[in-house]
Amino acid sequence: LACIPGILLLIALMTVMGKGTPQLCIALGVTNWVGLCRLIRGETLKLREADYVLAARAVGAGPFRSIFFHVVPNVFHIVTIAFTLGFSGIVMSEAVLTYLGVGVEADTISWGMMISTANMELTRHPLVWWQFVSSAVALLVLVLAFNVFGDALRDALDPRLRTE
36 LACIPGILLL IALMTVMGKG TPQLCIALGV TNWVGLCRLI RGETLKLREA DYVLAARAVG
96 AGPFRSIFFH VVPNVFHIVT IAFTLGFSGI VMSEAVLTYL GVGVEADTIS WGMMISTANM
156 ELTRHPLVWW QFVSSAVALL VLVLAFNVFG DALRDALDPR LRTE
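In my numbering, the protein residues as written are 36 to 199.
Derived from the structure by calculation, the hints contain no laboratory data.
The beta carbon of each residue, even a glycine, is placed where N, CA and C say it ideally should be.
Among the hints, a few may not be true.
Distance ranges between label pairs, derived from CB positions [unchecked claim]: (1) V172 x G97: 50 to 56 Å; (2) L36 x R92: 31 to 37 Å; (3) A141 x V107: 31 to 37 Å; (4) L44 x G97: 38 to 44 Å; (5) D142 x A85: 27 to 33 Å; (6) L196 x V65: 16 to 22 Å; (7) R83 x L157: 35 to 41 Å; (8) H160 x C60: 37 to 43 Å; (9) E140 x L192: 26 to 32 Å; (10) W164 x L44: 20 to 26 Å; (11) A90 x D142: 57 to 63 Å; (12) L179 x N154: 52 to 58 Å; (13) D142 x G97: 50 to 56 Å.
DMTMM-like mimics (lysine to aspartate or glutamate), calculated; alpha carbons at most 25 Å apart, straight line [stated by the list, open to error]: (14) K54 x D186; (15) K54 x D142; (16) K81 x D190; (17) K81 x D186; (18) K54 x D190; (19) K81 x E156.
With the hints as extra help, turn the sequences into a complete structure.
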C-alpha cells in the first residue's frame with residue numbers, strides 16, 4: 036500500500052466501491068493507516084532499547100508493564116502528530132475526490148462539492164468569485180486550525196518537553 040500513490044489508490048477504490056460517505060470512509064481508512072504504523076513501529080523499536088526500558092526489565096518489570104508505562108507514553112506524541120497531519124490530508128483527499136466526482140454523492144454537503152459548485156460559478160459572465168474564495172479559505176482555516184491544535188496538544192503530551 037505504501038508504494039502506490041495515495042490519490043490514485045483512493046480513486047481506484049472509490050471507482051470499485053461506488054460513491055457514498057461510507058465507501059469514502061472505508062477507502063480513506065484503507066489508504067491512511069500504513070504511515071502511522073511505520074512510525075509507531077520504528078519508534079517502538081528505538082524505545083525498547085532505551086536505558087529506562089532496560090532498567091525496568093532488569094528490576095523485574097514484565098513486558099506489559101514496560102510497554103504501558105515506558106513505551107506508550109513516549110510514542111503517544113508521535114500518534115498525535117501523525118493524526119493531526121493525517122486529518123489534514125484526509126480532509127484534503129475528500130475535497131479532491133468529491134471535486135473530481137468520485138467522492139460523495141451530489142446531494143451530500145462536503146468541501147469538494149462546495150468548491151466544485153463555486154468553480155461552476157466562475158464561468159458565469161458576471162463573475163461570482165466570492166463563493167470559490169470563501170469555500171477555499173474556510174477549508175484552509177479548518178486545516179490550519181487543526182494543525183495548530185495538534186501542535187499544542189503534542190507540546191502538552193510530549194514527555195521530553197516536560198520540566199518537572
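The hints, checked one at a time:
1. V172 x G97: 50 to 56 Å: Taking Cβ atoms as reference, V172 and G97 lie about 53 Å apart, which means the hint holds.
2. L36 x R92: 31 to 37 Å: The hinted range 31 to 37 Å holds for L36 and R92, with Cβ atoms some 34 Å apart.
3. A141 x V107: 31 to 37 Å: About 44 Å separates the Cβ atoms of A141 and V107, which means 31 to 37 Å is violated.
4. L44 x G97: 38 to 44 Å: Between L44 and G97, where Cβ atoms are some 40 Å apart, the hint holds.
5. D142 x A85: 27 to 33 Å: 53 Å, violated
6. L196 x V65: 16 to 22 Å: 34 Å, violated
7. R83 x L157: 35 to 41 Å: Violated - the Cβ-Cβ distance for R83 and L157, about 55 Å, lies outside 35 to 41 Å.
8. H160 x C60: 37 to 43 Å: At 39 Å between Cβs, range holds.
9. E140 x L192: 26 to 32 Å: Once the Cβ atoms are compared, 38 Å apart, the range 26 to 32 Å for L192 and E140 is violated.
10. W164 x L44: 20 to 26 Å: 34 Å, violated
11. A90 x D142: 57 to 63 Å: Taking Cβ atoms as reference, A90 and D142 lie about 60 Å apart, which means the hint holds.
12. L179 x N154: 52 to 58 Å: About 22 Å separates the Cβ atoms of L179 and N154, which means 52 to 58 Å is violated.
13. D142 x G97: 50 to 56 Å: Given range 50 to 56 Å: holds, Cβ gap about 54 Å.
14. K54 x D186: 34 Å, violated
15. K54 x D142: 11 Å, holds
16. K81 x D190: 21 Å, holds
17. K81 x D186: 23 Å, holds
18. K54 x D190: 39 Å, violated
19. K81 x E156: 53 Å, violated
The structure shown violates the earlier hints numbered 3, 5, 6, 7, 9, 10, 12, 14, 18 and 19.
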